[in-house]
Amino acid sequence: MAKKRIYEIAKEVGVDNKVVVQKAKDLGLDVKNHMSSVDDSQVAKLKNSFQNSAPAAKSSNKKNKIKISVSSIRKNEKKQEDNNSSKNSKRRNNKRRSNNHGHENKNDRRNNTGKPKAAALLQQFKQKQRAEEGQLNREAQKARKEYHEQLRHPKQEQPVKDNKKTSNHKDNKKKAEPVEKKVIGPKILKPSPARLKKQQPEATKELVQVTIPEAPKEEKRGNNRGRNMGKPGRKGKNQFGNGRSDHSDRSERKRRKNKKRQQEQKPKKTLTKRKERPLPETLVYEEGMNAQDIGKLIHREPAEIVKKLFMLGVMTNQNQSLDKDTIELLAAEYGINAEQKVHEDISDIDNIYDKRMEESKESKNQVKRPPVVTIMGHVDHGKTTLLDRLRHTHVSAHEAGGITQKIGAYQVRLDDRLITFLDTPGHAAFSNMRARGAEITDIVVLVVAADDGVMPQTVEAIDHAKSANVPIIVAINKMDKPGANPQHVTEELMKYNLIPEDYGGDTIFVNISAKTGQNVDDLLQMILLQSDVMELKANPTEMAIGTVIEARLSRGRGPVADVLIQQGTLNVGDPIVVGNTFGRVRTMTNDRGRQVKKATPSEPVEITGLNDVPESADKLVEFKDEKTARSVGEARAQQALQKSRENVQHVTLDNLFDTMKKENMKEVDIVLKADVQGSVEALQQSLEKIEVEGVRVNIIHSGVGAINESDVTLAGASNAFIIGFNVRPTATAKSQAETDGVDIRLYSIIYKAIDDVTAAMKGMLEPTYEEKVIGNLTVRETWKVSKVGTIAGSFVDKGLVKNDSKIRVIRDGIVKYDDEIASLKRFKDDVKEVKQGNDCGLTIKDYNDIKVGDEFEVYEMQQVEPK
Numbered sequence: 001m002a003k004k005r006i007y008e009i010a011k012e013v014g015v016d017n018k019v020v021v022q023k024a025k026d027l028g029l030d031v032k033n034h035m036s037s038v039d040d041s042q043v044a045k046l047k048n049s050f051q052n053s054a055p056a057a058k059s060s061n062k063k064n065k066i067k068i069s070v071s072s073i074r075k076n077e078k079k080q081e082d083n084n085s086s087k088n089s090k091r092r093n094n095k096r097r098s099n100n101h102g103h104e105n106k107n108d109r110r111n112n113t114g115k116p117k118a119a120a121l122l123q124q125f126k127q128k129q130r131a132e133e134g135q136l137n138r139e140a141q142k143a144r145k146e147y148h149e150q151l152r153h154p155k156q157e158q159p160v161k162d163n164k165k166t167s168n169h170k171d172n173k174k175k176a177e178p179v180e181k182k183v184i185g186p187k188i189l190k191p192s193p194a195r196l197k198k199q200q201p202e203a204t205k206e207l208v209q210v211t212i213p214e215a216p217k218e219e220k221r222g223n224n225r226g227r228n229m230g231k232p233g234r235k236g237k238n239q240f241g242n243g244r245s246d247h248s249d250r251s252e253r254k255r256r257k258n259k260k261r262q263q264e265q266k267p268k269k270t271l272t273k274r275k276e277r278p279l280p281e282t283l284v285y286e287e288g289m290n291a292q293d294i295g296k297l298i299h300r301e302p303a304e305i306v307k308k309l310f311m312l313g314v315m316t317n318q319n320q321s322l323d324k325d326t327i328e329l330l331a332a333e334y335g336i337n338a339e340q341k342v343h344e345d346i347s348d349i350d351n352i353y354d355k356r357m358e359e360s361k362e363s364k365n366q367v368k369r370p371p372v373v374t375i376m377g378h379v380d381h382g383k384t385t386l387l388d389r390l391r392h393t394h395v396s397a398h399e400a401g402g403i404t405q406k407i408g409a410y411q412v413r414l415d416d417r418l419i420t421f422l423d424t425p426g427h428a429a430f431s432n433m434r435a436r437g438a439e440i441t442d443i444v445v446l447v448v449a450a451d452d453g454v455m456p457q458t459v460e461a462i463d464h465a466k467s468a469n470v471p472i473i474v475a476i477n478k479m480d481k482p483g484a485n486p487q488h489v490t491e492e493l494m495k496y497n498l499i500p501e502d503y504g505g506d507t508i509f510v511n512i513s514a515k516t517g518q519n520v521d522d523l524l525q526m527i528l529l530q531s532d533v534m535e536l537k538a539n540p541t542e543m544a545i546g547t548v549i550e551a552r553l554s555r556g557r558g559p560v561a562d563v564l565i566q567q568g569t570l571n572v573g574d575p576i577v578v579g580n581t582f583g584r585v586r587t588m589t590n591d592r593g594r595q596v597k598k599a600t601p602s603e604p605v606e607i608t609g610l611n612d613v614p615e616s617a618d619k620l621v622e623f624k625d626e627k628t629a630r631s632v633g634e635a636r637a638q639q640a641l642q643k644s645r646e647n648v649q650h651v652t653l654d655n656l657f658d659t660m661k662k663e664n665m666k667e668v669d670i671v672l673k674a675d676v677q678g679s680v681e682a683l684q685q686s687l688e689k690i691e692v693e694g695v696r697v698n699i700i701h702s703g704v705g706a707i708n709e710s711d712v713t714l715a716g717a718s719n720a721f722i723i724g725f726n727v728r729p730t731a732t733a734k735s736q737a738e739t740d741g742v743d744i745r746l747y748s749i750i751y752k753a754i755d756d757v758t759a760a761m762k763g764m765l766e767p768t769y770e771e772k773v774i775g776n777l778t779v780r781e782t783w784k785v786s787k788v789g790t791i792a793g794s795f796v797d798k799g800l801v802k803n804d805s806k807i808r809v810i811r812d813g814i815v816k817y818d819d820e821i822a823s824l825k826r827f828k829d830d831v832k833e834v835k836q837g838n839d840c841g842l843t844i845k846d847y848n849d850i851k852v853g854d855e856f857e858v859y860e861m862q863q864v865e866p867k
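Our numbering applies: residue 1 is where the sequence shown begins, and numbers increase by one.
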């Protein structure tokens with residue numbers, strides 16, 4: 001059986017909630033407030049009681065009669081005022097006010113002589129007051145409805161304002177009825193002439209017919225305000241008075257009622273419940289996440305997750321880190337899978353290098369790239385001479401001892417196509433450099449001298465090429481010599497499965513002469529043909545990766561690295577990580593010495609901007625931002641330092657005997673310095689491989705660059721000697737070495753250094769000649785003279801210079817050239833020697849690359865008696 005609440009019945013009846021509650025209590029119903037509910041029978045009973053009491057309330061409500069009469073007077077006055085002049089309206093208003101005041105005084109006198117049971121009447125009035133107000137509200141709502149209906153009929157007379165009442169006279173019943181029902185409560189304000197002028201015109205005859213029969217009793221009720229009779233008393237007393245406070249209170253109450261009614265009439269906004277997003281199938285988490293982090297992943301509030309964990313017996317908060325087991329337990333509670341996120345080690349640039357190489361092979365943006373060709377072979381078989389012929393330069397004349405000490409990378413153009421060449425050393429000490437060259441190359445050109453045949457380094461080059469799965473093109477060189485026998489060389493190479501195409505094999509053989517240029521173009525054509533067969537491609541749109549060919553420390557420029565770009569494009573300003581170091585590309589220089597803005601695949605460039613000297617064969621990887629590159633480089637440097645510390649062997653019970661044997665051995669402590677990193681590696685490995693019973697080599701320090709004071713200090717403290725390869729000591733370091741008695745040995749050919757150390761370790765070092773520096777010069781000016789060469793105007797800083805002495809060119813601490821003095825002059829005269837403090841002009845044999853600021857070191861080879 002459906003039930004209704006009190007406030008719903010009040011809306012239907014059109015009265016206040018309190019009136020309905022009071023009426024229900026009078027009927028004996030069990031209600032407490034407007035939210036109480038009643039059944040259908042009780043609802044009908046309540047509605048009938050309000051319908052039956054409506055006429056009685058009209059006849060018994062004396063207050064309403066007075067107010068209606070007054071409203072009728074007002075309405076009639078306004079209607080009569082519109083037809084008559086304003087003066088007559090003022091007189092009638094004044095007359096009416098005086099009559100009202102007369103009634104009021106009369107009522108006051110009656111109230112003073114009232115019955116002694118006034119308190120009982122007051123209590124009865126309070127009980128009936130709410131019912132009367134509810135009845136008035138209901139009538140006001142009906143009047144409002146009729147008022148709106150009347151507005152829709154233009155022929156009918158326009159109604160007056162809501163707070164006015166009309167007379168209930170029979171002749172004016174149709175006009176006054178809608179206005180009478182428009183009254184809301186007993187609120188009546190004092191009319192003013194200004195407001196009366198604005199009202200609609202009406203006949204004035206109705207003013208004579210209006211009577212107020214119950215005025216004295218109404219005034220008596222209204223005059224009870226002085227005896228705490230409540231709000232009706234205040235309204236009754238001030239009905240025609242001038243009290244401004246009562247008027248403002250009534251206006252405020254009316255405004256609040258209207259506002260409340262408007263709010264009730266507005267449709268209530270329905271609060272939409274927040275839709276929960278569905279749970280993911282799998283929670284990919286990281287160990288150490290908190291409730292807030294997990295909430296974002298599974299679309300739940302952190303408070304809900306904390307509650308779940310609490311129910312599972314885990315006390316935590318939103319910011320506390322959770323372990324792996326707790327997160328998996330929480331995922332199982334929600335019914336989803338849990339998977340721990342695997343972090344990729346960005347410091348492993350070798351893995352990044354391999355990954356990008358694989359991705360570039362599958363890319364659709366691949367384009368053809370120049371082949372990378374490595375020239376390999378035995379010592380002095382003509383590798384560098386061949387490369388010089390290809391580049392039309394003379395690099396081999398600058399190499400000490402006629403052999404290549406480091407990798408050189410060059411590009412050669414043939415028929416608008418480029419070929420990148422790498423020149424590897426042929427000496428046995430540089431096996432790692434040859435292996436490195438074979439790893440980063442596409443084609444290997446094996447140079448074999450026709451008059452010498454297959455040698456040990458030739459076999460080693462074949463093994464490196466085969467292990468790297470690189471095709472081999474054999475170039476039989478020195479065909480211009482009388483003793484050349486290419487057939488013998490071919491037969492020897494066939495023993496290593498290098499079978500020429502003429503014999504049914506797949507190896508290309510070309511007979512050339514690097515000195516005369518015989519068949520060199522044919523060799524280039526064969527290289528291009530082989531590259532076309534291999535379909536070499538690269539993606540230049542990716543981030544660059546490459547390999548370090550060589551690295552060194554340059555004075556004024558810092559660390560310098562020769563790199564070969566293999567994939568992507570390297571631009572100036574790109575953040576990179578090279579081995580265990582990092583930086584931003586500051587400058588790039590190609591093989592011709594020109595600065596470039598970018599380097600494409602298969603292009604060798606020299607870069608600067610690194611914070612340390614990398615090692616040869618280190619991988620170059622470009623990153624998106626410098627912050628990531630810095631973090632990766634620092635992490636790799638820390639890992640390398642930690643690894644070097646782990647290599648230190650500590651004495652244990654297992655290795656105690658071996659340690660005691662080693663401590664009884666004699667050690668040769670060496671401080672090793674070289675011009676490039678590859679030479680340092682090759683020399684260090686060669687020296688450590690020397691096997692002499694009872695003696696071993698201990699490299700306490702190795703580095704790139706000139707010999708400085710710290711190297712001398714370290715050697716003096718460790719009782720070691722210094723080996724310099726293609727480097728010179730600074731003036732301060734030389735002076736300190738003489739003071740501390742530190743032996744500095746300088747070499748330009750690697751096998752001489754190895755032989756001297758081996759002889760010293762065996763105790764068979766017999767001094768034959770010793771180099772003695774007799775003077776130092778500084779170049780202040782240069783002149784180029786045809787058919788003579790470059791004349792160096794120099795100043796003798798120390799010692800003297802002789803015309804038959806040997807001279808060494810030093811630039812930024814690096815030995816550039818070492819040979820004899822061709823001529824020595826002073827004031828255009830040939831002289832035998834020039835002493836300290838004088839100027840002179842000299843030329844060097846077969847060397848013209850002299851620049852202002854170069855230093856000359858003049859020395860003689862003097863025979864030393866064996867000790």
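It cannot be assumed that every hint is accurate.
Listed below are the simulated DSS-like cross-link pairs for lysine-lysine, each with C-alpha atoms no more than 25 Å apart in a straight line [what the hints assert, rightly or not]:
| # | residue 1 | residue 2 |
| --- | --- | --- |
| 1 | LYS25 | LYS128 |
| 2 | LYS25 | LYS45 |
| 3 | LYS772 | LYS784 |
| 4 | LYS355 | LYS627 |
| 5 | LYS627 | LYS537 |
| 6 | LYS259 | LYS324 |
| 7 | LYS772 | LYS689 |
| 8 | LYS624 | LYS598 |
| 9 | LYS734 | LYS784 |
Okay, the calculated beta carbon distance ranges per label pair [to be verified]:
| # | residue 1 | residue 2 | range |
| --- | --- | --- | --- |
| 10 | MET357 | HIS299 | 36 to 46 Å |
| 11 | ALA468 | THR589 | 24 to 34 Å |
| 12 | PRO482 | GLN862 | 34 to 44 Å |
| 13 | GLU304 | LYS260 | 35 to 45 Å |
| 14 | SER36 | ASP249 | 22 to 32 Å |
| 15 | GLN51 | LYS25 | 37 to 47 Å |
| 16 | THR730 | GLN595 | 50 to 60 Å |
| 17 | LEU800 | ARG417 | 51 to 61 Å |
Derived from the structure by calculation, the hints contain no laboratory data. All residues carry an ideal CB built from backbone N, CA and C; glycine is no exception.
Hints violated by the structure (listed by number, smallest first): Hints 3, 5, 6, 7, 9, 15 and 16 not satisfied by this model.
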